[in-house]
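Trainee: Given chain A, work out where chain B should sit, using these hints.
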Amino acid sequence: MTQPITPGHQPAPPAPESTGLSGWIDQRLPIISAFKAEYIHFRMPRNLNGLWNFGAILTIVLLLMLATGTFLAMHYTPTTAEAFLSVEAIDRQLAGGWLLRAIHMVGANLFLAALYVHLFRGLYYGSYKAPRELLWLTGLLLLVMVMATAFAGYILPWGQMSYWGADVISKAVGAVPVIGGTLEHILAGGEALGDIFLHRFFVLHFILAFLVVGVVGLHVAAVHVSGSNNPLGIEPKTPKDTVPFHPYFTSKDLFGLVLFALIFALLLFFWPGLLMEADNYAPADPMHTPADIEPEWYFLPFYGMLQSIPSKFGGLLAAAGSLLVLFALPWLDRSPVRSARFRPLCRVGLIGLVVSFVLLGLVGEHHAAGGWMLLGRAALLYYYCYFLVLLPLASRIEKTRPLPASIAAAQGEG
Amino acid sequence: MPHHATLKSFALLAGLCLATPVCAAEPAATPPHHSWRFDGPLGTFDQGSLQRGFVVYDRICSTCHGMRSLTYNDLAGIGLSQKAIGDLAHSKQFPGPLDEDSQPTTRPGTPDDHFKSPFPSDAAAAAMMGGVAPPDQSRLALIKPHGADWLYAFLTGYRMPAPAGAPSAPGKFYNDWADGHLVGMPPPLVNGAVTFPDGTPATVEQQAKDVTTFLVWASDPHRNARHHIGKGVVLYLIVLLLLAYTWKKKIWKRLHGA
Numbered sequence: 001m002t003q004p005i006t007p008g009h010q011p012a013p014p015a016p017e018s019t020g021l022s023g024w025i026d027q028r029l030p031i032i033s034a035f036k037a038e039y040i041h042f043r044m045p046r047n048l049n050g051l052w053n054f055g056a057i058l059t060i061v062l063l064l065m066l067a068t069g070t071f072l073a074m075h076y077t078p079t080t081a082e083a084f085l086s087v088e089a090i091d092r093q094l095a096g097g098w099l100l101r102a103i104h105m106v107g108a109n110l111f112l113a114a115l116y117v118h119l120f121r122g123l124y125y126g127s128y129k130a131p132r133e134l135l136w137l138t139g140l141l142l143l144v145m146v147m148a149t150a151f152a153g154y155i156l157p158w159g160q161m162s163y164w165g166a167d168v169i170s171k172a173v174g175a176v177p178v179i180g181g182t183l184e185h186i187l188a189g190g191e192a193l194g195d196i197f198l199h200r201f202f203v204l205h206f207i208l209a210f211l212v213v214g215v216v217g218l219h220v221a222a223v224h225v226s227g228s229n230n231p232l233g234i235e236p237k238t239p240k241d242t243v244p245f246h247p248y249f250t251s252k253d254l255f256g257l258v259l260f261a262l263i264f265a266l267l268l269f270f271w272p273g274l275l276m277e278a279d280n281y282a283p284a285d286p287m288h289t290p291a292d293i294e295p296e297w298y299f300l301p302f303y304g305m306l307q308s309i310p311s312k313f314g315g316l317l318a319a320a321g322s323l324l325v326l327f328a329l330p331w332l333d334r335s336p337v338r339s340a341r342f343r344p345l346c347r348v349g350l351i352g353l354v355v356s357f358v359l360l361g362l363v364g365e366h367h368a369a370g371g372w373m374l375l376g377r378a379a380l381l382y383y384y385c386y387f388l389v390l391l392p393l394a395s396r397i398e399k400t401r402p403l404p405a406s407i408a409a410a411q412g413e414g
Numbered sequence: 001m002p003h004h005a006t007l008k009s010f011a012l013l014a015g016l017c018l019a020t021p022v023c024a025a026e027p028a029a030t031p032p033h034h035s036w037r038f039d040g041p042l043g044t045f046d047q048g049s050l051q052r053g054f055v056v057y058d059r060i061c062s063t064c065h066g067m068r069s070l071t072y073n074d075l076a077g078i079g080l081s082q083k084a085i086g087d088l089a090h091s092k093q094f095p096g097p098l099d100e101d102s103q104p105t106t107r108p109g110t111p112d113d114h115f116k117s118p119f120p121s122d123a124a125a126a127a128m129m130g131g132v133a134p135p136d137q138s139r140l141a142l143i144k145p146h147g148a149d150w151l152y153a154f155l156t157g158y159r160m161p162a163p164a165g166a167p168s169a170p171g172k173f174y175n176d177w178a179d180g181h182l183v184g185m186p187p188p189l190v191n192g193a194v195t196f197p198d199g200t201p202a203t204v205e206q207q208a209k210d211v212t213t214f215l216v217w218a219s220d221p222h223r224n225a226r227h228h229i230g231k232g233v234v235l236y237l238i239v240l241l242l243l244a245y246t247w248k249k250k251i252w253k254r255l256h257g258a
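In order, the protein sequences belong to chains A and B. Note that UniProt numbering has the first sequence beginning at 1, numbered continuously upward. Note that UniProt numbering has the second sequence beginning at 1, numbered continuously upward.
Note that these hints are calculated values from the structure, not bench results. Hints are supplied without guarantee of correctness; some may be wrong.
Said to hold, decoys possible - Pairwise CB distance ranges, derived in the manner of DEER restraints:
1. A:351 / B:238: 32 to 40 Å
2. A:24 / B:68: 58 to 66 Å
3. A:134 / B:29: 31 to 39 Å
4. B:116 / A:215: 44 to 52 Å
5. B:228 / A:20: 44 to 52 Å
C-beta: ideal position from N, C-alpha, C; glycine also.
Next comes chain A alone, as it looks inside the complex (with noise of 0.2 Å):
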């Protein structure tokens, strides 16, 4: 091993293959040598947890709900008037709709649980420091889409929460000064949440999924250039820090999948009623307003912030904002240190912020009623003075715990 080791590939890959079909296609198109590169010799931080499976399982989700939406969408008709009936006829009439449309939507709700994981992870370990900083960028822009693609997908069935959903936040953005009342009427698409809306959205939801499908390249491409963080959250010293993908990753990859598989399967086919909301079963009433509307559960810390701000516009920044926030923390945080396991002050403050997160979530699910408003408001404010004074401070107070000298040495391997 003369060659200096860069974080991901190996020093120099056997010349390829000259003779046969596939010496003939990667002579002209070098996707062969280029998969053997980066998934079968790609060399991996060895000490990786169970945490790193989840970009694995996010990508196969996303293979999922592209190939079960596809087919729905050719059964699908986003009519006001014809929307809520195809969807039945998709879940009745369809030969193998119900299990189609089940793995769409158990698909959605599982999508943002392991993004919600993975951004975890990140926080956690520090994957958003530098080399990573457009690895983590590129991958909040991913959570922004996909966001607004399960709300999009959300109003389709044009079920009673559909609609009121879509009303609630129609409204929140017509609270915005001066151009509130246009942008309302541009979301809606006229005077009421009608036809053009419905359409609208179902374009929307239909094209935001292939475009995640893009960025979703950029950051795999991103990944493999800056190599995998770790749980040690330092970089690769020598070989022996690292292992290639394949059979070490494969063999973990496919393990986490299968797991997870299966998870989804007991949700899909004993549990479904846990991830149902079976108001959205009512098609849609602009007469009759629900009693309790409810988003999803993962847009629930969401709700949680705009309804515990008594100003709508306020609530909206406030939501809006703590996404946002997010962009800003590869510079927010200046620790040379990246894991929270050598950062005590901060890994108490990252504890805090996922109780203040899940907080959130019950705030918006009791509508910020009575001493949940007071809460919600607590919750609220940690969240933002975890990103915007803790972790800035933390860099210059925090007492950080010495690091090991490898990846290997600190699995006694050294």
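Mentor: Chain B only, in chain A's frame:
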């Protein structure tokens, strides 16, 4: 216009904030729980009960309640034969095309037709039924909290005469499980009002139990298939999980052996 929209949205927000305490002041009672065969992650519908329940729906409920998401073909799911489905559909009259004199015609139904609605529209239903259209029953058991238990409690919850001090209103009936204890629907089930082809005595309780089963099936028609396929899929995944775990262990052992 924007002012109007803002006012409306504030009204909505105020409504949202008020909704919870108002509801909390009068807690919705939970209907008594029955152990239904179709409950739980492995529950299945009993075909005999489903077929009796359909008799009750067809003879009684369907005179006022639509079930527009279902087609006659869907009844294959409760074990009706293709012939029985064809005959049933054929016995219903649907609006046909205009004839050569532009007069409306009727035609017999086909298995692909959706269940015939008792009223031409919701507005017509509301006008004829005292202001409130009888709700569609396609997903009723799903939308109602504690759907099956509530349906059974409601169908057996009429009391005549009403208990002393109960609210009353002309043209309304007292029911323990109706909102505000008053409902426009007269007691729909009467002992012996239907006869079951399998000879089961048609008591009110039996009819209520069977029609509840049928309505729960209507709101989740693929439950039996889902549970059946699910068992196979989960078993397959457990075997695959064990294999994947063994492979992973074998691979990673190399690293620590080296």
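Trainee: Each of the hints needs a verdict: does it hold here or not?
Mentor: Results of checking the hints against the structure:
no.	hint	result
1	A:351 / B:238: 32 to 40 Å	33 Å, holds
2	A:24 / B:68: 58 to 66 Å	60 Å, holds
3	A:134 / B:29: 31 to 39 Å	57 Å, violated
4	B:116 / A:215: 44 to 52 Å	50 Å, holds
5	B:228 / A:20: 44 to 52 Å	47 Å, holds
The structure shown violates just one earlier hint, number 3.
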